[in-house]
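Chains as they are written, first to last, in the working numbering: chain R, 1 to 308; chain V, 1 to 537.
Treat the hints with care, as some may be off.
Claimed, not checked - Distance ranges between label pairs, derived from CB positions: (1) V:D71 x R:L298: 32 to 40 angstroms; (2) V:A397 x R:L298: 54 to 62 angstroms; (3) V:G57 x R:V300: 54 to 62 angstroms; (4) R:G94 x V:S370: 54 to 62 angstroms; (5) V:G317 x R:V300: 52 to 60 angstroms; (6) V:G278 x R:A7: 52 to 60 angstroms.
Please keep in mind that the hints were generated in silico from the structure rather than gathered at the bench. What you are looking at is a predicted structure, and each value in this text was computed from that prediction instead of being measured. Note that the Cβ used here is the ideal one computed from N, Cα and C, for glycine as well.
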Amino acid sequence: MRARRVAVRAGTSVLVLWGALTLAFAALHLTPGATVDAIIGSTTVGPQVRQQIIDDYGLDRSIPAQYASYLGHVVTGDLGRSYQLHEPVTAAIGARIGPSLQLTLAAVGLAAVTATTLALLTARRSRVVRGLASGTELAGVSIPVFWAGILLLTVFSFQLGWFPAAGDDDLRALVLPAVAVAIPLTTMLAQVLREGLERVLDEPFVLTARARGMGDAAVRLRHALRHAALPAITLLGWMLGMLIGGLVVTETVFSRQGVGQLMLGAVAGKDLPVVMGVVLLTATVYVVVNIVLDLVYLAVDPRLRTTA
Amino acid sequence: MTALVEVEKLTVAFGGTTVVRDVALRVDPGECVAIVGESGSGKSVTARTLLGLTGDGADVRAETFRVDGEDATFHTERQWRAIRGARIGFVLQDALQSLDPLRPVGREVAETLRLHGLLPRKEARARAVELLRAVGVPEPELRATQYPHELSGGLRQRALIASAIAADPPLLIADEPTTALDVTVQAQILDLLEARRRTGTALLLISHDLAVVSRLADRVLVMKDGEVVEEGATADVLDRPGHPYTRTLLAAVPDGTTRGTRLSAAGRAAPRPPREPGDVVLEARDLTKRFGDRTAVDAVSFTLRAGETLGLVGESGSGKTTLARLVLGLLDPDGGEAAVDGRPWGELTAKERRALRRHVQVVYQDPLGSFDPRWNVRRVLHEALEVGDVPKRDRDARAAALLDQVGLPAATLDRRPRTLSGGQRQRVAIARALAPGPRVLVCDEPVSALDVSVQAQVLDLLADLRDELGMAYLFVSHHLGVVQHVSDRVAVMKDGVIVETGPVADVFAAPRAAYTRALLAAIPRIEPSRTSLEATT
Numbered sequence: 001m002r003a004r005r006v007a008v009r010a011g012t013s014v015l016v017l018w019g020a021l022t023l024a025f026a027a028l029h030l031t032p033g034a035t036v037d038a039i040i041g042s043t044t045v046g047p048q049v050r051q052q053i054i055d056d057y058g059l060d061r062s063i064p065a066q067y068a069s070y071l072g073h074v075v076t077g078d079l080g081r082s083y084q085l086h087e088p089v090t091a092a093i094g095a096r097i098g099p100s101l102q103l104t105l106a107a108v109g110l111a112a113v114t115a116t117t118l119a120l121l122t123a124r125r126s127r128v129v130r131g132l133a134s135g136t137e138l139a140g141v142s143i144p145v146f147w148a149g150i151l152l153l154t155v156f157s158f159q160l161g162w163f164p165a166a167g168d169d170d171l172r173a174l175v176l177p178a179v180a181v182a183i184p185l186t187t188m189l190a191q192v193l194r195e196g197l198e199r200v201l202d203e204p205f206v207l208t209a210r211a212r213g214m215g216d217a218a219v220r221l222r223h224a225l226r227h228a229a230l231p232a233i234t235l236l237g238w239m240l241g242m243l244i245g246g247l248v249v250t251e252t253v254f255s256r257q258g259v260g261q262l263m264l265g266a267v268a269g270k271d272l273p274v275v276m277g278v279v280l281l282t283a284t285v286y287v288v289v290n291i292v293l294d295l296v297y298l299a300v301d302p303r304l305r306t307t308a
Numbered sequence: 001m002t003a004l005v006e007v008e009k010l011t012v013a014f015g016g017t018t019v020v021r022d023v024a025l026r027v028d029p030g031e032c033v034a035i036v037g038e039s040g041s042g043k044s045v046t047a048r049t050l051l052g053l054t055g056d057g058a059d060v061r062a063e064t065f066r067v068d069g070e071d072a073t074f075h076t077e078r079q080w081r082a083i084r085g086a087r088i089g090f091v092l093q094d095a096l097q098s099l100d101p102l103r104p105v106g107r108e109v110a111e112t113l114r115l116h117g118l119l120p121r122k123e124a125r126a127r128a129v130e131l132l133r134a135v136g137v138p139e140p141e142l143r144a145t146q147y148p149h150e151l152s153g154g155l156r157q158r159a160l161i162a163s164a165i166a167a168d169p170p171l172l173i174a175d176e177p178t179t180a181l182d183v184t185v186q187a188q189i190l191d192l193l194e195a196r197r198r199t200g201t202a203l204l205l206i207s208h209d210l211a212v213v214s215r216l217a218d219r220v221l222v223m224k225d226g227e228v229v230e231e232g233a234t235a236d237v238l239d240r241p242g243h244p245y246t247r248t249l250l251a252a253v254p255d256g257t258t259r260g261t262r263l264s265a266a267g268r269a270a271p272r273p274p275r276e277p278g279d280v281v282l283e284a285r286d287l288t289k290r291f292g293d294r295t296a297v298d299a300v301s302f303t304l305r306a307g308e309t310l311g312l313v314g315e316s317g318s319g320k321t322t323l324a325r326l327v328l329g330l331l332d333p334d335g336g337e338a339a340v341d342g343r344p345w346g347e348l349t350a351k352e353r354r355a356l357r358r359h360v361q362v363v364y365q366d367p368l369g370s371f372d373p374r375w376n377v378r379r380v381l382h383e384a385l386e387v388g389d390v391p392k393r394d395r396d397a398r399a400a401a402l403l404d405q406v407g408l409p410a411a412t413l414d415r416r417p418r419t420l421s422g423g424q425r426q427r428v429a430i431a432r433a434l435a436p437g438p439r440v441l442v443c444d445e446p447v448s449a450l451d452v453s454v455q456a457q458v459l460d461l462l463a464d465l466r467d468e469l470g471m472a473y474l475f476v477s478h479h480l481g482v483v484q485h486v487s488d489r490v491a492v493m494k495d496g497v498i499v500e501t502g503p504v505a506d507v508f509a510a511p512r513a514a515y516t517r518a519l520l521a522a523i524p525r526i527e528p529s530r531t532s533l534e535a536t537t
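Chain R on its own, in the form it takes in the complex:
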């Protein structure tokens, strides 16, 4: 039974990855403009060179044939060569995934810690405290990341000089972009957590725990938080998947060489292999994150562990 479940899970994961690749392939081939022109770029070449390029990249073949050969290469781990960067896609992504991963994890981690603290402190408090918290949260969600980034740069980098303004090789350079990205994430998470906490704090088992002599802080930490965490964990997983290739704006503001930047250049330049590579990466992150989430749910909620 368990083996069957694992098999089904693996099968659907492969289907998701294949679906993502196919959709991206279709979308790129539906956009106007010949791929060969994108590869040539702004330089002027004769028809001979042009034909040479078409032959090299197999661009004269039918779209189904190109699709089939692409899939074949992906299965063997070959994502092709970038048209623009003239290096293997795996190398291009490999060089840029570090900064993106660092920023994603730092921002999500920061958001999780801050949101949990905020929610624990503000759930079921006086009207004033809750009003203040939800007002701040509304502001936090509404602030565009680029604006927060520029603001942070102006204050902490240009004026106070505490953190570098650009780059991705120093951990100190990670602080400002992580904070900028974490602001909207924190507010979203805090709202979900607080709503969950307030729902749980009404439950009879919370009253029972208090009736045993448990203090408010312990009730929140030991009983309520775990219940409230379940929906927040789902949100956290979605954030991880979304961020890994979606940090374009932040990476631009803070001049970080990440996957988002790579993707932006590739889409603009119709660099098919790179786009497909990033799509595959994002899909893989989602698949892995979801598998991990399912395991986390099992760890948090024993009611899901029934093996029927």
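Please build the complex by placing chain V on the supplied structure of chain R, with the hints as guidance.
Positioned in the frame of chain R, the structure of chain V alone reads:
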């Protein structure tokens, strides 16, 4: 003697609404006091106030408020925490919600010990196992590691009691400790509480059920709308109720003696005219339903005639609800058949089934769950009338007529279910069931969620409608008193099998099956003379 708790002129208000007014209460060591009342009477709020857990935004005032002889009027949260669990244990109803579903029950029991610094972690764990054993949990080592959802209702309630008595408090407050339980399990839990009392623990019982209380309590306080309307020794209050409300409560309890009479105050004098059963409208032949390798319903047969009520009793998991769903044609049987008006569900096309559905309608326990919360009563009834092929232009008039029939004003049409009281909601549910003009009404625990006085009104209404419209009822309930009151015949179900069936009077007077005898023995009865008997022996 110092009272464990003592309050005088206790008044509790939430944002201007007074829910408890001028209550005086005293519990002495070793004593069992009960507060009886219906929903909204303020009994639970009173109990929580004694622990300093009235709730957010509560305004608590009292002339005297002593716990263990100490003035608790100005107790800080820290002082209250020292009382909770250690001096006063607290047991809530329905342990599925009162134990944290994400933690093993052993840890919940040990928590009390840890909180009061009585034992270090490891010893607390061992002590929790001992406590579970003491409250009659079998295999306590295994059970301590399990989660609430893996335990039966009775075991959960035992575990909850274990966590409340872990620090050996001299007073145990139990708020509806047996309400969610089957009658045999309820009897066991009451035995456990009684044993606890014999060891010297004082009990404060909060209940809506006079019968549960009469077995244990020395003194009873009857609460209504936040005030204590009557107080006295249990025997006195039950034998010679002084307040009209207490009399109403006692009279509203359905059992064998109330058969054929009205329970609610209106028109009590008139007994019901005798009824003659008509044609067979519902028949089950060897109905069998399996879920996996468990047989939920096993070769069940019965017939039901027009104007007749068949009571179906059994405890949770006995298969009564599955049987009801088979009869309603909502589940397909694995064997046998159910026929309405001589037409078996299994032989009908989907279209014919839909047409037959209007002849068998259903009323559930919790009408709120069976209403779309966004629909008003008008829309709920219109939908049901559409099933009965009532033309659109007549529906408003019919809907108003139906409401009148169930004793609700026509203005109810524009209300939403959530704004109605439990009794009103159940009346709307009955009106909805009547709308298509059914010949059979399946009532699945229709009064289990209602207070006893409201239950009395709804039971009266159902009986009136049966006599007026000549419908047949399949009345499913775990409550033997209710079944005894409403039914002509009764079928007792256990593990999917009908173990005994016959006229109500015969089954209740001379039960043949061992299980029926056990069920009947477990019913808590109002025993007014218990205390006086004990005194003489």
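> Which of the listed hints are not met by the structure?
Replying inline: Numbers 1, 3, 5 - these are the hints that the structure violates, sorted from lowest upward.
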